[in-house]
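Colleague: Dock the two chains into a complex; use the hints.
In case you want the letters, here they are:
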Amino acid sequence: MDKTLRKVYVGNYSDLPERLGKTIVIDEQEVAVFKLANGDVRAIENRCPHKGGVLAEGLVSGEHVFCPMHDWKISVVDGQAQAPDEGCVQTYQVEVTNEEKVYILISE
Amino acid sequence: MSKQKLVLIGNGMAGIRTIEEILKLKPNEFDIVVFGSEPYPNYNRIQLSKVLQGDTELSDITLNEWHWYEENNIRLYPGETVTNIDKEKQIVVTDKDRKEAYDYLIIATGSNPFMLPLPGADKEGVTAFRDIKDCETMIDYSKKYQRAAVIGGGLLGLEAARGLLNLGMEVDVIHISDYLMERQLDRDAGELLQKELEQQGMNFLLNKQTTDITGKKRVTGLKFSDGGRISADLVVMAVGIRPNVSLALESGIGVNKGIVVNDHMETDVANIYAVGECAEHDQMVYGLVAPLYEQGKALAKHICNKEDEGYKGSVLSTQLKVSGVDVFSTGMINEQSNTKAIKMYDDWNGTYKKVIVDQGKISGAVLFGDTKEGTRLLSMIKKGADVEEYLEAGEREESGSDLVASMPDDELICGCNGVDKGTIVEAINSQGLTSVEQVKGCTNASRSCGTCKSLVSDLLEYTLGDDYNADQKESICGCTDLSKDEVIAEIEEKGMRTTREVMNVLGWKNEEGCSKCKPALNYYMGMLKPKEYHDEKESRFVNERMHANIQKDGTFGVVPRMYGGVTNAEDLRKIADAAEKYDVGMIKITGGQRINLLGVNKEDLPDIWADLDMPSGHAYAKGLRTVKTCVGSEFCRFGTQDSTGLGIRLEQKFEGLYGPHKFKMSVSACPRNCAEGGIKDVGIVGLEGVWEIYVGGNGGTELREADLLVKVKTEDEVMEWVGAYLQYYRETANYLERTSKWVDRFGIDHVKEVLDDKQKRDEFNARMDEALSVIQEPWSEAIHNETTLKELFEKVNVPTTTSK
Ligand code: SRM
Ligand SMILES: Cc1cc2nc3c(=O)[nH]c(=O)nc-3n(C[C@H](O)[C@H](O)[C@H](O)COP(=O)(O)OP(=O)(O)OC[C@H]3O[C@@H](n4cnc5c(N)ncnc54)[C@H](O)[C@@H]3O)c2cc1C
Ligand code: SF4
Ligand code: FES
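Residue numbers (this note's numbering), protein chains in the order written: chain A, 118 to 225; chain B, 208 to 1011.
Same shape as in the complex, but just chain B (with noise of 0.2 Å):
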């Protein structure tokens, strides 16, 4: 039976959290299909307040990564838009003229940024705060122009004026009413607040209605209706957001505000559902991902035939993402006739604190300088709890873990994600976690706004005692807690010799560790001591072990070497008669400059290898891979030196040597640096004269431009360098750490430091020998090794039989 198609339009934090849902109760019921306008995986909206800001990187708000997809079958379109629904075809299609048929279809589409329809706001320079595009607007913007001004005083407003101040920007703030946040906040709070964002550098003007935004074709300033104006380069409008229900509205479904669906997030249409920021359930469009996870999981028990009672609505709360401010709010934020208030405000602290009592029942609260109570006045009020258990749990405390020990089981942690103490606590347990990343994988806490971080960092504490360790150094992998440096320094130490010694010394969880140490020991080992350590083929990646590529299908790659790139005659009739003995399925040229014979089966590898009568091009290897060059001095009217030349000698001298990770080079004659020395590990550049060695480069996942480490004279000087700083690299590194991520975590500055030292790049270069003089080409190795040949090459073929 084919399986039920489920399509979603909005590839954000609502529906693929709805998604997540489905999969837990049924993961293998639904072929599902993703279409999402924006060219990224889903990611989190929510830090994108944090990346303006400086404290994280576009590439780290990911949230589900391209695999994910991939892994759990799910078909994702990125950029693409649902232009049209057919409700009774029931069929969706798109701008790229793709139709998907559904039997169930759940819309997603979010919001869009309310742009007020100011003469002018069509100019260059003006941009929402909403999505990746507009963060680097203004990122790109903040580099070349010195004054923005952001319209509105909410929280989006103020987060993105943070963000501007912090890269470099004067910053304007206009709000058209007297205090800021005031949804949010009561004037008190938002006194305060100002007084605070003031002292942090921000101008404000409120008050203010802004009529023009001025400029010709790019903005230069703002108009307002008390007759005044300043200048701009950049305006950021923050004023709302309004559900984006247009594509619902054209194909005939229900709307309100947002699309409107009952307790189970259906429409008035069948098969159609609508969850997140575009949908109005009970006359309330919600804004922020607590409510919204919550109707996620009440859509998908429904959809997978859980009994479930709906979505009942939420109750909100918010905090501000501004470093060194702390706000929250929830509930109820201003007294009413019949309410009671417990204050206290502090002006030498500046901490105030307002919780608003309605009959006896907790049912508001405003905190700030101090919101460390917020997620259990939060908690409070969603149970209706009354005002004496406020105060009683206000007498036990203070300190971080006695806070968290004092809180009941079902005290919220996480509000985005709605994570109870219980639920974190005994996931903790039961699943041995020691750690935040843990305990967010496994329970989704601090998963979204990460404001909880430290209160689930507490919860390991009080769990674990005094096996938690708050500041997490990086520990090799689940098996042991030990960083890199302190397994070195024990195997040193200890004098240990294989690696189920050091797992077994060092008390690993996993006796014989997993497939991330195991390579990782092998390699440290090895890079210890060359001489000594005996390789473990056991202890290797397949591609490693077996010195090929392994393909999906269990054949594998065949990548002769070519030095520098450079072939010949005989080299190519050889790889043509193989390639037609073993009937490879692809002779394919790879981005390395040379040729790689796919589809060999394991058996036949020892033969071809011999047959090829060729080294090994290593281009399974986490060790030196391949090094391009271009055409050089010999042939290109621009070439200024010989690069073909040296090219061939770095590879001929490293070939075969093992890193941390794969390392690539490449030699160039001139600056177009024809062999892209910018996005190599080594990249060389000649000019008249000088050599130019650029490292630190990468092409692949991370794209990273290459840092000049020095520009030297001769080649003998190149070969130099290059040997101290890959010695450098592989005595330093983590396992899988590319020297990308390692000049990044080093610093550029450091290691020019470092070798800049003619004595120590001796040493480096002596320790490099030492580690060159050991290497066998692996492949004729293999070929005269009978026990390898059998061990690994041969596969047992049991004959048919023929009786019955």
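Chain A with its partners taken away, still in its complex shape (with noise of 0.2 Å):
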């Protein structure tokens, strides 16, 4: 099967607020977007493993985003939550261009 991936267009770089979420809303589906500390974008699906937590919500640390509903730590890199919970939510491709446009890639 081969996927397609869409780029969504999610906003200008600059206009990211820096260490917070950002609610992405594609159809049904709804992606956490997070500008880190170290500059880098971060594309995670809006939902907590653990009960479906808005993660776009959580208080930033590093790499690692804590949901706000019972404060598991997920990371916005690859999507794992950290031990002791146990589980792990879809990443998403980031792409800034020179422009610093921020875009998504999603699979349809």
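Treat each hint with caution, since some may be false.
Unchecked claim - Counterexamples of contact, computed for chain B against chain A with all Cβ distances above 10 Å: (1) Glu389; (2) Arg394; (3) Gln490; (4) Ser521; (5) Glu718; (6) Gly733; (7) Phe748; (8) Val749; (9) Met753; (10) Gly761; (11) Glu777; (12) Tyr789; (13) Thr939; (14) His957; (15) Asn1004.
As the list claims (entries may be wrong) - Derived, one-sided and incomplete: chain A residues facing chain B with beta-carbon distance under 7 Å: (16) Val125; (17) Gly179; (18) Val213.
What the hints assert, rightly or not - Estimated spans, in silico, between C-beta atoms of each pair: (19) B:Phe953 with A:Thr214: 53 to 61 Å; (20) B:Ser987 with A:Glu203: 50 to 58 Å; (21) A:Glu217 with B:Glu708: 24 to 32 Å; (22) B:Asn711 with A:Glu203: 25 to 33 Å; (23) B:Asn711 with A:Glu217: 24 to 32 Å; (24) B:Glu993 with A:Asn215: 25 to 33 Å.
Think of the hints as simulated: they come from the structure by calculation, not from any bench.
Values in this document were obtained by computation on a predicted structure and should not be read as measured data.
The C-beta atom is built at its ideal place from N, Cα and C for all residues, glycine as well.
Modeller: What follows is the structure, encoded as structure tokens:
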């Protein structure tokens, strides 16, 4: 099965708030986009593996986000929940163009 | 495919440990349901002794909090007893007529205390010592009565007796044998123990058989077979336990003394297992947690289909948990014709040691006075060590750290949970543990009876060397070893200005902190320098960042302020209109005398605030919540003062103020206290010409009745005292410490003493005024701030693609 990737424009790099999440709504699906302190932009599914908490509203620390519902710690890089919790969320590829436009790649 | 259904009967120590082991092996395999007769989550029964002795509190002995069940998707039915097992249909039935089908059924119903069938045993004031309820009964009686009699001079009886002494009662211990703890100790140790306990104030009646419990409705005394009698207001029976097998018996499951099981804890009925004190393995029934936990492990492996040889029986060891008395015994206690013993009796220091050697192997021990060698002897017996090995080990040592250094890796540290030295050292090294609490969390060591805590502490010292700080101060979180006070001192001294700077300069282990320290630092820094500190929205928990309460589905709750719980038609109309316009999920009157609009979308928040045009109620803030009021003198026939007026004045003054945790106030106008001042952080009660100010009350997780701080005459004085009190709290409490905990920690007398000083009150109020001066109404601020609107409230909606 070949997957086509769709490029979704999220906003300008400088407009993204640092160390905070942004909610992106694509049809029924929600993605949480984070601009980290190191400047990277990361995108993960906006649904905590625990009970579906909205990760975009979480506290960001380094490359992790703490879910606002019950404080699970999730990596925004590989989507893995940190021990002792288990589970993972989908991650999305991010592209930042020279014009500082931020895109995420969603498979269709 | 639907999950396999696992039902556990008995929400106690063995059953829940089995579930924990299963979850470790196969986290998502089973749909788990637990029934427990007691209305609590699983608690540490062993610690009831310490609760009675006053060393710990009932609230601290929970092993698995309610949220543990929830997080592991376990359906718990507390206070519900299983009354019937239909083994053909594989269904259990409860006393609430609930029916639950199972694929696997675990019976872990524990034991019942054995009550001697004496005439009078059903009188008021006769109790066992088995559960929280018994413990509460004893504590209650100790408040009203003087004389207690404990029947039974075994482990449980002596621990109960020590507790009752601590509770201020006079205690007689009645024992049928001629020395104490005869099942665990030899005569020499038993007699030493008796001497020691007599010095502590216990009175012993040995060789006595009770024949009657006297009294009318309530117990008044005991009669003995030799004709003697004593008086008593409380009788504790601690003569033994019987496996709780009635359910199994009625359901046709094979029972002897206990429910008979094989090495895999299987009963004679397919898919039904038994574990814990109710189970009988190889003709043995156990009454200590160590073997029960081993059983739980074996059962978990079996149910999860892991290769295992099964449970093979246990070597027992006992320890008495009475402070100031160290007693330990394990294996064989009395010499036989073909055994030899290594003995040491030091009358001067009151220590005694006997190690029994059977055909060159260590096979039993009794220690009194100095029990350090206990766990070592236990593990030597378990592995069948030769006496030479024991003697050699004795030559190295002593001091704590040397002792643990000389231990081999497989030496047991925690007997209850079967954790050896190697496992603990490995965990300390690989997971960077630095405290006994952390070791407990990761390995279970010291999670049960707690006697091995000092060994765990020695191991930390041995493994971490100078990095280990034994008398642990409480650090802010795992990111640092510094305590709150140290961090605050550093912030002030170095004039740091952002949370990241603090983390950086003070060498946080996690560069950017965690969900505990980020909000805490943000609060401390704002409290220290209200005018200069730049609040960091990214360091705030979502509710405070968004100025609304997040709901489980990611929508928000909106609670506008209603000063003193008083509203008017115009505000109500605005609320009604907004509720309709934004199609809110529910309009609800809160417990805080105002209205909550629930289920508002994040992107609608600014609009609904603008439409409402009312100030935020801060229902989300670690700060001032509500000031509840009663109707007061304006309307009520009992009212002595204008409670609504004062309530509104307080709320208008302190609204928007942040604190270490939320704080709630109330004002009532007579002692009927309709605004519930007894459970508020600040509760004010008006009397004729007087206002009473109560503080430190809490109506939440841990109820606490407020203490009277002061009585004053005028409203202005109330404002002054409350301001000073709140500022003192703001400056000294730990982040997330409610006033109830803070008052407990500082002591109400100390708080009174500090605030009694008018000059101090003025200083606190001056700093309070500074903090109040920078407060802005957050909703109107947000709707006028383009950046905030964009950064926090906007969602990016990606248009649906039509082409494919
Ligand atoms: C809305 C309200 C329930 C209601 O419908 O009545 C409520 C709702 C919440 N309470 Fe409460 N509490 C509400 C009155 C209370 C009361 C009663 C009172 O204030 O008179 C108490 C006990 C009194 C007390 O605090 O001493 C109360 C004790 C708690 C606690 C336990 C606090 C404690 O110290 O033990 C928490 C947890 C916490 O704060 O950490 C909590 C936490 C919460 C949170 C904020 C949970 C959370 O963090 O998300 C709830 C938000 C629900 C949601 O989905 O929006 N709520 N909560 C009440 C709001 C009152 C208001 O107008 O501001
Ligand atoms: C004061 C005291 C001090 C102790 N000190 C020590 C010590 O120092 N060291 C040590 O190792 N051990 C000690 N013990 C013993 C230890 O607490 C027990 O061995 C252990 O709790 C037994 O675990 P269990 O799960 O088999 O039974 P329990 O912990 O008793 O759990 C059984 C649970 O099942 C529930 N139940 C029963 N029937 C039903 C039913 N039909 N439906 C639903 N629920 C049901 C009961 O209400 C109970 O909550 C002490 C015990 C006491 C009372
Ligand atoms: S509103 Fe309060 S009591 Fe109700 S579920 Fe939420 S936190 Fe618990
Ligand atoms: S939903 Fe994320 S931690 Fe519970």
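Colleague: What are the numbers of the hints that this structure violates, sorted from low to high?
Modeller: Violated hints: 5, 7, 8, 9, 10, 15, 18, 20; rest satisfied.
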